[in-house]
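We have chain A; now place chain B onto it with these hints.
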Amino acid sequence: MRLRTSSAIASVAALTLLTGCGAADMTKQASPFANAQGARTVTLSVQSWVGAQANVAVAQYLLEHELGYRVDTVQVDEVPAWDALSQGRVDAILEDWGHPEQEQRYVEDKGTITAGGDLGVTGHIGWFVPTYFAEQHPDVTDWKNLNKYADLLRTAESGGKGQLMDGSPSYVTNDKALVKNLNLDYQVVFAGSEAAQITQMKQFAKEKKPFLSYWYTPQWLTEQVPMTEVKLPPYKEGCDADPEKVACAYPVTPLQKYLNTDFAENAGTAAEFLKKFKWTTKDQNQVSLLIAEQKLRPEEAAKKWVDSHESVWKEWLS
Amino acid sequence: MATLTATAQKPAPPGILTHRAVRKLLVLAVAAAVLGPVAATQWPGAAWPGALTVDVSEPLGRASDWIIDNRDSHPLFLYFFGHVSNVVVLAVRAVYLALLAVGWAGVTAVGALVAWRVAGVRLALGTAAAFLACGLLGMWVPTMQTLALMVVAVLASVVVGALLGLAAGLSDRMDRALRPVLDTMQVLPAFAYLLPVVLVFGIGVPAAVLATVVYAAPPMARLTSLGLRGADKEVLEAVESLGTTARQRLLTARIPLARKELLLGVNQTIMMALSMAVIASVIGAGGLGDRVYQALASVDVGAALAAGIPIVLLAVVLDRVTGAAGERLGGPGAAGKSPLTWLYVLLAAAAVAVAGRLGDFLDWPDGWELNIAEPVNRAVDWMTAHLYSDVPVVGGTADWAAHFTSWVLNPLRDGLQWLPWWSVLLVVATLAWLIGTWRTALTAVLAMAAIGVLGVWDPSLDTLSQVLAAVAVTLVVGFATGIAAARSDRFERLLRPVLDVFQTMPQFVYLIPVVALFGVGRAPAAAAAVVYALPAVVRITAQGLRQVDPAALESARSLGATSAQQLRQVQLPLARRSLLLAVNQGVVLVLAVVIIGGLVGGGALGYQVVFGLAQGDLATGLVAGAAIVCLGLMLDRVTQPTERRTQKKGA
Numbered sequence: 004m005r006l007r008t009s010s011a012i013a014s015v016a017a018l019t020l021l022t023g024c025g026a027a028d029m030t031k032q033a034s035p036f037a038n039a040q041g042a043r044t045v046t047l048s049v050q051s052w053v054g055a056q057a058n059v060a061v062a063q064y065l066l067e068h069e070l071g072y073r074v075d076t077v078q079v080d081e082v083p084a085w086d087a088l089s090q091g092r093v094d095a096i097l098e099d100w101g102h103p104e105q106e107q108r109y110v111e112d113k114g115t116i117t118a119g120g121d122l123g124v125t126g127h128i129g130w131f132v133p134t135y136f137a138e139q140h141p142d143v144t145d146w147k148n149l150n151k152y153a154d155l156l157r158t159a160e161s162g163g164k165g166q167l168m169d170g171s172p173s174y175v176t177n178d179k180a181l182v183k184n185l186n187l188d189y190q191v192v193f194a195g196s197e198a199a200q201i202t203q204m205k206q207f208a209k210e211k212k213p214f215l216s217y218w219y220t221p222q223w224l225t226e227q228v229p230m231t232e233v234k235l236p237p238y239k240e241g242c243d244a245d246p247e248k249v250a251c252a253y254p255v256t257p258l259q260k261y262l263n264t265d266f267a268e269n270a271g272t273a274a275e276f277l278k279k280f281k282w283t284t285k286d287q288n289q290v291s292l293l294i295a296e297q298k299l300r301p302e303e304a305a306k307k308w309v310d311s312h313e314s315v316w317k318e319w320l321s
Numbered sequence: 003m004a005t006l007t008a009t010a011q012k013p014a015p016p017g018i019l020t021h022r023a024v025r026k027l028l029v030l031a032v033a034a035a036v037l038g039p040v041a042a043t044q045w046p047g048a049a050w051p052g053a054l055t056v057d058v059s060e061p062l063g064r065a066s067d068w069i070i071d072n073r074d075s076h077p078l079f080l081y082f083f084g085h086v087s088n089v090v091v092l093a094v095r096a097v098y099l100a101l102l103a104v105g106w107a108g109v110t111a112v113g114a115l116v117a118w119r120v121a122g123v124r125l126a127l128g129t130a131a132a133f134l135a136c137g138l139l140g141m142w143v144p145t146m147q148t149l150a151l152m153v154v155a156v157l158a159s160v161v162v163g164a165l166l167g168l169a170a171g172l173s174d175r176m177d178r179a180l181r182p183v184l185d186t187m188q189v190l191p192a193f194a195y196l197l198p199v200v201l202v203f204g205i206g207v208p209a210a211v212l213a214t215v216v217y218a219a220p221p222m223a224r225l226t227s228l229g230l231r232g233a234d235k236e237v238l239e240a241v242e243s244l245g246t247t248a249r250q251r252l253l254t255a256r257i258p259l260a261r262k263e264l265l266l267g268v269n270q271t272i273m274m275a276l277s278m279a280v281i282a283s284v285i286g287a288g289g290l291g292d293r294v295y296q297a298l299a300s301v302d303v304g305a306a307l308a309a310g311i312p313i314v315l316l317a318v319v320l321d322r323v324t325g326a327a328g329e330r331l332g333g334p335g336a337a338g339k340s341p342l343t344w345l346y347v348l349l350a351a352a353a354v355a356v357a358g359r360l361g362d363f364l365d366w367p368d369g370w371e372l373n374i375a376e377p378v379n380r381a382v383d384w385m386t387a388h389l390y391s392d393v394p395v396v397g398g399t400a401d402w403a404a405h406f407t408s409w410v411l412n413p414l415r416d417g418l419q420w421l422p423w424w425s426v427l428l429v430v431a432t433l434a435w436l437i438g439t440w441r442t443a444l445t446a447v448l449a450m451a452a453i454g455v456l457g458v459w460d461p462s463l464d465t466l467s468q469v470l471a472a473v474a475v476t477l478v479v480g481f482a483t484g485i486a487a488a489r490s491d492r493f494e495r496l497l498r499p500v501l502d503v504f505q506t507m508p509q510f511v512y513l514i515p516v517v518a519l520f521g522v523g524r525a526p527a528a529a530a531a532v533v534y535a536l537p538a539v540v541r542i543t544a545q546g547l548r549q550v551d552p553a554a555l556e557s558a559r560s561l562g563a564t565s566a567q568q569l570r571q572v573q574l575p576l577a578r579r580s581l582l583l584a585v586n587q588g589v590v591l592v593l594a595v596v597i598i599g600g601l602v603g604g605g606a607l608g609y610q611v612v613f614g615l616a617q618g619d620l621a622t623g624l625v626a627g628a629a630i631v632c633l634g635l636m637l638d639r640v641t642q643p644t645e646r647r648t649q650k651k652g653a
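Residue numbers (my numbering), protein chains in the order written: chain A, 4 to 321; chain B, 3 to 653.
It is worth saying that the hints were derived from the structure and are not from the lab.
Pair ranges (Cβ atoms, derived):
#, chain 1, residue 1, chain 2, residue 2, range
1, A, Asn-150, B, Val-455, 29 to 39 Å
2, B, Ala-31, A, Gln-206, 46 to 56 Å
3, B, Asn-88, A, Tyr-135, 53 to 63 Å
Backbone N, C-alpha and C define an ideal beta-carbon position, used for all residues, glycine too.
Same shape as in the complex, but just chain B:
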């Protein structure tokens, strides 16, 4: 075993790869031949053997009861969690009251003016239009609630993330300890974060804010550390030779040099926080997410859309403005911004706010609301009446969903559940080892085994079957679109804004249209997952293909290769790394949405989490949450190319 691990870790040229793969396969085949029969005789049957499971629901249920009974008396809650919860509530309340006090005109003006200063006129107009649209849709107050929650969550995430990032950037030991944790946290579905905080804080805003912080802080930490570590060595040496102290170096050289990464971190944190703030409506976050959740519960697509549009607008505006700010500050001539213009901006905003106050302009006027729910619902009714089923030749959307369920999802699920459990572990090990290293393979197998031990083997395989089906669809469509985008500039230009918008939308929003089109069940959950994961796959594929060395292409062309031959024999092999990365991203993103699909009848693990939250049966929910974590870990490791691993270590 020892020699093998050594070879696996060595960066080998591609020629040896096949050879190495054969050797790995041989070892696994031997392991299968030895262990398989033993396992099969010891624990017959396909399902995970009952003897190897540990029932954790009893102690978890007791823990949950204990927390509820002691939440108002135990010192841990009175002197620690209580204060955390208090601070969150006070902060959110303060921001919310401030927003309401400024009034709708004031908030719109402040937003537009800030956008104008950091990002230019066009984005300022966009920001103003977005805020007004929120009001027009009758969603002003929920928008402000979401915004208040977001402001607090983002600030906390940025502070926590920056502190962790500083620690990791300055100390190698911290870096080694934190990096795997942060890497893993990035691949976990948002739903898995909800339950532990609910267990401690109960349903409500504090739990929502804390779940958001836990979800949104890792990218900030990663990028901060990356920025600090990536600083130009020569500049640092020059600064050091001036006899500066470590602290001076940090403040005057390293942090300013990492400015770009820091701003990118803030941008990422904002996007993740928004996405989470919406999902957290399941645990009582209120605001826009709650409206979407309420509407989804009554399959009121129109109302869901009315609440979903402000979310999308907020996401696009926040992303563009912070992105533009990052580019400006990171680019040349960044320093030239006089404080005087900022003063004018502040004054103008204050003037509008005061005018709003005096003119009694604070609440969004009732008459200015546009009721889009009704026409949308009529359109949806028409669609369900005409496109839903029995459309000649092509069949209806509900028919497609039923076919997808009975021809793809059912056989896949039954097949996975029919496979003996040890052979599933073996397949996981093989895939992970062939694509990654023995370490990734070990993690993947252990994660999968943990699912069995927790006693949720069957629902996990059900979820896995949905993920696999959705990933297959995503990859076929994504690669095709990506190849087309890489080969045609015009197509790529057309595609880019679409991808931009799709990538900034929170996962929750995707559930709305699929319910309208496909009804309820596993098929719509898979459809939402495909739509959510597509943009990333398309983008990575197109980028990978475009980055292929032009010289290699040129030489292939001069040898008379046809366009298809070039693609198959030069571009695709050379872009192998990007394609693998696309697969990895696709899998991670699909899993996240398939889990949320529990809200629209996706069943399996996602349903168990929803059930745990809905029935207050946290034991069920926590076990499912842990299984989701393991599944995410397994899927990430199985698809994680070796190169990504080594590249990260060097970074």
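Okay, chain A solo, but in the shape it has when bound:
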């Protein structure tokens, strides 16, 4: 009995000790692994697609070899990455495909995130079919004719309907709503990850089978499996405002960088460098291909690019 009361007292004491000594803002906590042993650390969010890996690889290489930082990378999905960025657990996102809701909340309202400028690459999401298929059936490139081809595009996972293949659940997508609102006889099948989607598309391409897939440019795979976009109802400003009622194509997005506000103000050269980091679609594709096709490790691919493009990155450091 005495034991129980004394342990109760102890726990209450511990609680008051924990809660009594002032406020603790958990939204301002860095990762426990950051800045170890006096090293200056930059934590970059790396997304799961190869283009983003290419950005991070080159930024990491230059930060480590030219500016003397230690770089941690964390894989966080797109939306949680905004939350992590706002809390300072991640210092920068190098390639954002447009998240107006998060931008409003963190950049405009709270001010915990600062816009870091253009990445220089323009992204576009759409529905694509392989070019060999589009050449055989030229009318497939208009969404109005898609239902004609639903039978051709059926698979084990799509049941009785045609298969529209999507990649990772974390990517920006309106496909389920689009299929419903355009009355298409299709089933959206999520491959689970982009890599899985690529594996699948390569298998299809090897056997010259038709497929319809959510896809985007710039993407290195288009160099190997030429693809043709299916025209959706044209994009108009605001037509994708209500996610349930979307019935138009995806916009063309200039990809953006975002930095944690504290980091942007206090991190000196690293923050300056990341703000200036800007390259072209061609540059990014070059590094992506080295990583994805020649199976180089990201740092090796980055080194190769850095060695041959000195004039480009020298400007970022100035």
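Relative to chain A, chain B alone:
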């Protein structure tokens, strides 16, 4: 109803069992005849009726928004969660910095020396080799991050678990309150724990550590309470007669007597924490798990393996060392360990660490890395090119996966979704009642109904179909292997180390090879589940068969029964309890992995959890998480033999 419940609870001899079963079936048949038509006319169609669902995603979404908006201002966060989060971050950071300060040579030396003192030379060498292998694979820093997170999580779990266990061990009321909760927590898939903590703490290390603690503390609590309650009554009486106070009795008799259970608890906690620390990479734990997760996202099997091997090595080493420590301390002559040798150990470790510091030996040297990713990926490419499809006669692995999907998984899923919802509830009730008691049946039905009310009936049945298919495969293979192991000593000796290793591997690791072999989809998820659940099923089956009374076997043999007859008519019936337990364990383990299969295209509930985490749409994720909890509860209760229940009550 009242008389029936009374009979169901009475421990009846097996002869009456059939009789009782018939009576239960009759009652259920009457219930079906009355309720079925009513339900069918009221809510036609097979799917769960929309009128009976409650849409919780709206309030959940609002709650999630409120938390994000108020996380930096509301007192609850500033004065409570903020501090919890702070303490976790500081502790992990302290351990991580300490590990880095000691350097790779120091960490390896300390690990090896500790292993040597508590477990002997062989394990010491194994420990050193394991640490060096982590470095060689280029995973030193991630390994240290995982280790730091683990140390903090395990310490917290052990403290929390031991306190809860003490309370349950000393007070009957606490025991009654805690036991069902702890029992249930043990059968829930790890994934279900992730979302609530993310909701409060956001993605990151604090959430990962707390999810790990919640997952890993229950076994410690259970075993502590078990140890305290299992102490020898006579010893306790003797101590009491010496006029000791309750506290003295606890400290000098009950806790020392429970030493073995306590150490087993620590061992279990460490294993569960490791498994969870890896899964928690999905919510930003960093370290090795994150490397596996990153590699899985790009189907880079080689890189996933390079990060997976250190996890397996850590798991095997930690399991063996704590296990050996438990045996030594629990066994005779445990007290004879001089503090002087410990001093030497400490000194030696410190010397290595200092030498490392002076010789600038802290970071793992760059040149000493072995790049296994590339050769492994080449091997995988070769495999996908040659074994994947169109292999003559046997077909390729991808073909098998496609066949499994279209011949087993699809019909099963469509069949389940075609069944009217009330008949599913009825089947659940029947199974649970026949195998367990009316209580387990009631829990199972309520859990299943809750899934419908949450509005995730169809995806849950999809998950259920994957579980059923995987369990069927597991049981066929597991029972066959278990029977073989029980009948041949040599086979069992060969099998044991394999089972040992497989049982200590975290669930996450199993996803790597199946993606390489079967691609992406529901089939690989099911395959990973089968591999994960097999060792437990094999082991329990073999043990159960071996424990069958030798006299019964002998008499059967003397009557001239053939080997097959002995097995069918004596061994298997007598081992019925073990077999049921094997089914129960199989179901629970398979569910855990099928859910994680959402990461490799398993779809259904697992996918919804991943989706919720990935899109920050916690409402979807939390609903799916709750459905997973209900599904786990239902599956456990449906397969829970009555005996296990009563045995637990007595323990």
